[in-house]
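**Student:** Chains as they are written, first to last, in the working numbering: chain H, 13 to 383; chain R, 903 to 1124; chain G, 32 to 208; chain W, 2 to 377.
Read the hints as simulated data drawn from the structure, not as lab findings.
Keep in mind the model is a prediction, meaning the values are calculated, not measured.
Hints are not guaranteed to be accurate.
What the hints assert, rightly or not - Partial chain R-side listing against chain W, Cβ under 10 Å, derived: (1) V916; (2) V917; (3) T926; (4) K989; (5) E1010; (6) Q1064.
Said to hold, decoys possible - Here are the simulated lysine to aspartate or glutamate pairs, EDC-like style, with alpha carbons at most 20 Å apart: (7) K349/H <-> E914/R; (8) K950/R <-> D146/W; (9) K950/R <-> D190/W; (10) K934/R <-> D376/W; (11) K166/H <-> D183/W; (12) K921/R <-> E186/W; (13) K934/R <-> D36/W; (14) K971/R <-> E59/W; (15) K304/W <-> E935/R; (16) K304/W <-> D328/W; (17) K56/W <-> E935/R; (18) K351/W <-> D46/W; (19) K298/W <-> E1010/R; (20) K64/H <-> E936/R; (21) K188/W <-> D932/R; (22) K349/H <-> D911/R; (23) K950/R <-> E149/W; (24) K950/R <-> E142/W; (25) K304/W <-> E55/W; (26) K177/W <-> E142/W; (27) K64/H <-> E1010/R; (28) K934/R <-> E59/W; (29) K64/H <-> D976/R; (30) K921/R <-> D169/W; (31) K188/W <-> E936/R; (32) K281/W <-> D328/W; (33) K166/H <-> E13/W; (34) K188/W <-> E935/R; (35) K934/R <-> E142/W; (36) K337/W <-> E149/W; (37) K298/W <-> E96/W; (38) K166/H <-> D36/W; (39) K950/R <-> E176/W; (40) K247/W <-> E55/W.
Where a beta carbon is used, it is the ideal one built from N, C-alpha and C, also for glycine.
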Amino acid sequence: MEALAISLVNAVPLLAGVPLWTVTLLLMVAVAAVILVFALTFEGVGSLVLRKVAGDIQARIGPNRVGPNGMLQFLADGVKLVLKEDIIPANADRLLFKLAPYFVFVGSFAAFVVVPFGVGLIAADLNIGIYYVMAVTSLVVIGVLLAGWASNNKWALLGGMRAAAQIVSYEIPVGMALIPAVLIAGSLSLQDIVRSQGGLLGIFGWNLFHNPFTFFSFFLYFTAAQAETNQTPFDLPEAESELVSGYNVEYSGIRFGLFFLAEFGDMFIVAALATACFLGGWNVPFFHVGTLPWIWGNLLSLGVFLTKAFAMVLIMMWVRWTLPRLRVDQLMRMSWKYLVPLTFVNLLGVSLWLLVFRGKGIPGMIASLFG
Amino acid sequence: MGLKAYLNDIVEAVVTTAKGMRITARYGVDPKEEVTLQYPEERWEIPKGYRGFLHNDIKTCTACNMCVKVCPIDCISLESVRGADKKMVLCSYDINIGRCMYCGLCVEVCPVNSLLHTSGYEMASVALGELILHFIAAEDAPEIKARVARQVAEAAVKAAAQAAAKAAEVPSSGTAEAAKVAEAAKAEAAKAPVVEPKAAMEEAPQAPVSEPTVAKEGEKKE
Amino acid sequence: MSGPADFIFYAAAAMTVGAAILVAILPNILYAAVALLFSFAGVAGLYVLLSADFLAATQILVYVGGILVLLLFAVFLSNRISDGKTTNPTHFRLPAAAICLVLFGVLSYAAVSTPYAVKKGVYLPTTADIGELLMTRYLLPFEVASVLLLAALIGAALLSRPDRAASVKGEMEEGKR
Amino acid sequence: MTIRTDALPTQEMTINMGPQHPSTHGVLRVILTTDGEVVTRAVPDMGYLHRGLEKIGERVTYAQYMPFTDRLDYLAAMNCNCAWAWTVEKLAKIEVPARAEYLRVIVCELNRISSHLIAFGSYTADMGAFTPFLYAIRERERVNDLFEMLCGNRLTYNYARVGGVSGDAPPGFLEKTKEFLDYFEPKLDEYNNLISYNKIFVHRLANVAVIPAEEAVAYGLTGPNLRGSGVPFDLRKDEPYSVYPKFDFKVCVGTGERGTLGDCFDRYMVRINEMRESVKIVRQAVAQIPDGPVRAKVPRLFKPPVGEAYFRSECPRGETGIYLISDGTVNPLRLKIRTGSFVTMNIFEKVTRGLMIADVVAVIGSFDIILPEIDR
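Can you build the whole structure from these sequences, using the hints too?
**Tutor:** So, in structure tokens, the structure goes:
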């Protein structure tokens, strides 16, 4: 970021008099704004697509009244959420009730900062990238717990407790399933991980096809991450048919909107991490994006990345509209009895593979066989 | 739980999920599977025996009260007066369509098929009172009553005159009865309201025109 | 360090200390927990300023995502949550204050008297170094800590596991009823 | 599955589930006492939908009561209609034309299909899968179309009459019925692939709320809830009425294929299999239906002889028995209705003890209760 600021100061003579840190700060704010706009747009469009996909799968049409073919439904929803009365229950804990949605939203939104959208399109290429995502999303737990408690509603409380227990226990398999990608790249930075899957092997350069263990890792990650973001079949915290709506049952208006946005934000983060860690990120198959001019390279890689990520989001929606929901003890059992041991075994397998074959994957070995 | 069962569990979960997802995918991709009817624009074909809103053709209605009696929830109310020909004349016929449960019992019992189900099913109103269908406007009721009363009175006067004539013609047979009839007719005529609204006299839209003659014939038969 | 970094340092420090004070004095235990969250966040901010990014993320992940959640769970489970009032009773104010003052004195003496090897802050990735150290120099403490945690885990699992004999007995009693 | 928390006692919590709750299938209120997520006691509180249906029956005539039976179980109104008609006919010993009986059986079985579809759909929705619910609704619409064609209404049919049915099948009805059956039968396999044998779904249902056969009998369960416990009791076979003896079908019972006999999964599977049997019955009835009148001569002011009659028939939610005392006037002297759902609620408190909140939803769904039947 500072390098960018220096180049900006050099390029624009008008900024010469301004202290460097001010430029950097302004730049940071601008980038954050861009990310926020992207996140909000995705969340809006995502909600529309979710409903459209639901409609298609359920042999009906889905929203089609607002705008051409229902395209503007999300704007109508957004306006509705903003204009709705913001109700705070009489016996709720007012301060925590108001505070909780922000924790959830911040926790979800902060993760967008390290998503590698393109060759040079990343808000902050932290060298602890993946770890950072895991850390900030833990804010969501606190927000959900407080929301459940502050509502002074037993269903909300149960939902909050469920959510917290679920997110905490699924953090482990999620982390363990992502480590193979880290091991292969030798870095926690998401950009490094994406770069490690480049090269001229095309889609076989992806970590997904690196070795059998990474292949399973991807599915383990995807399953566990679905649970961590409370997607069906793991949507117990807001299980509509059991807990009415879970931790957000008492929320209305824009505060509910924040929970809603955070949910879609989490969905994208999961898809983006899966894309970056296993599906080659912004790498264009058989093509080195870095050779293109800055603008075109970035646009191309952005397109590729978003395509992959949205495909993942679609698959999540597809799963969501197919499967029933687990029970809370089964959910825990699934994490501790199935996902955690499997991810550990998988991790061991990947480590051994890397040790034995000196970091080379199956496609790499085949490629070297043919020279 | 052995390792085999453990792995079987996982495989089964994956396989059954994949099976389900194949089905949902098929529905998701195939646009022919959409069954939604875009209601206000598209409508479904209403079958012949559809039980929609009730409609009473008051021209044929004989005010027999069958529908009122059979209705389990008293949503039909009817008021009628006896006309000059001893037949009932409707002066109000209301169906509370907000209360009606479209069971069709009233239509079934209607002897002259004047009460029918229409194919209408859309109705919305902001006041409960609007849900009461008046087949005869409420303000027409006094008019009809007055008109019928007038006709009854006229018929009674005529009948009395005839009876008197008959009595005069044939004094030997049944004088007492004839006199009685004449008395009754006179009394009835006296009962009829003296002040009649002018509007009713001027126009009687649903007036059963041939009633007085029919009445005469009926009496002659005696 | 330039101006803004100093400002951020003081802001983070103030947040840490201020939130910590709030934790101590707030009567509502849940508010105290939220204040603790801000305190942890302040500490994480300080770590970031010290170029210890891995540590900062760990701070958030472990303390906010783990410890604090556990704390909240404990509060929820041990109090009459349906009453909607969870208070933090304040007893023994004077002795506590005295002990805290003594502790503060000791700590500040240690902080002032330690000869720190102050280097100019260079931003370098620390993750690899931490990993390397954990696997070489500090392998023994690391493993000891792991074994301790494992023991604690097994113990917790054992404690929360329902007594098999008791449950069978319970079922029989239920059958009698 | 029972979870014991004797070792770690915590404070119990009382939660109101309902009367407004998405998965109590109406306005049932369940007072849950829970220890965390484990239910220690679940007391159903009924009566929010009480309309005095039995008392109404003593104030209206025999013919007028027919629309009220629609409201007894609005998802299987045809079955209730026919039950009332059969009871009154038993009381007054009225001979019903054969065609009318066949039509009744056809509509009863079609309505059993549509009712079980709702049971299946709402159960999967309770379990978190929303898509099968809409598929079920889609199929049910077709049944409703058939009924609309037959009697003009889509939900409250009021089709049966004392002495027959309200009208003969319009031309094309039987063909359309066949068309529907051909369309519907493969869908059952699709449901099974989509959700019935889904691992998560099976795990949610298997071994939950097991009702042993003797207990089910002792508590007076009937219908699919009884058959789910493995008791092959079906009034259509065991106490045949109408023209049921002429059809070849089998009584579906729970087999405990995925867990213990008598668990939620068995009750669920019985309904799925019963739909298949109903398809079979309707096929045979459509093939055999004779020509002729559809209504016996019954005086308009119908006065049955003094006496009493009890008639029970197999409704989708169990046995619906109607007890009728006539004093020779146009109104029944006393009317008592025994419904499957109400009796089923007796065992609710017993089977939900020690389950989790999510299981309570599963139990309510597996009983396939309907509130108008419970409260009447």
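**Student:** Within a Cα-Cα threshold of 20 Å, do K934/R and D36/W meet the stated pairing?
**Tutor:** violated (49 Å)
**Student:** Please verify whether K950/R and E176/W have alpha carbons no more than 20 Å apart.
**Tutor:** holds (17 Å)
**Student:** With the threshold set at 20 Å, check whether the alpha-carbon distance from K921/R to D169/W stays at or below it.
**Tutor:** violated (43 Å)
**Student:** So if I understand the rule, the pair passes when the alpha-carbon distance is 20 Å or less; does K934/R with D376/W pass?
**Tutor:** violated (42 Å)
**Student:** Hinted pair, alpha-carbon criterion (20 Å max): K166/H, E13/W. Please report holds or violated.
**Tutor:** holds (12 Å)
**Student:** Please verify whether K304/W and E935/R have alpha carbons no more than 20 Å apart.
**Tutor:** violated (52 Å)
**Student:** Within 20 Å, alpha carbon to alpha carbon, are K298/W and E1010/R?
**Tutor:** holds (14 Å)
**Student:** So if I understand the rule, the pair passes when the alpha-carbon distance is 20 Å or less; does K64/H with E1010/R pass?
**Tutor:** violated (46 Å)
**Student:** Holds or violated: K304/W and E55/W, Cα atoms, limit 20 Å.
**Tutor:** Status holds; Cα separation ~19 Å.
**Student:** Next pair to validate is K188/W with E936/R; report whether the Cα-Cα distance is within 20 Å.
**Tutor:** The hint holds at about 16 Å.
**Student:** Taking the closest Cβ pair, is E1010/R under 10 Å from chain W?
**Tutor:** Since chain W brings a Cβ to about 7 Å from E1010/R, closer than 10 Å, the hint holds.
**Student:** Does E149/W sit within 20 Å of K950/R, going by the straight-line distance between their CA atoms?
**Tutor:** holds (9 Å)
Checked against the numbered hints given earlier, this structure breaks hints 4, 6, 9, 10, 11, 13, 15, 17, 27, 28, 29, 30, 32, 36 and 40; the rest are met.
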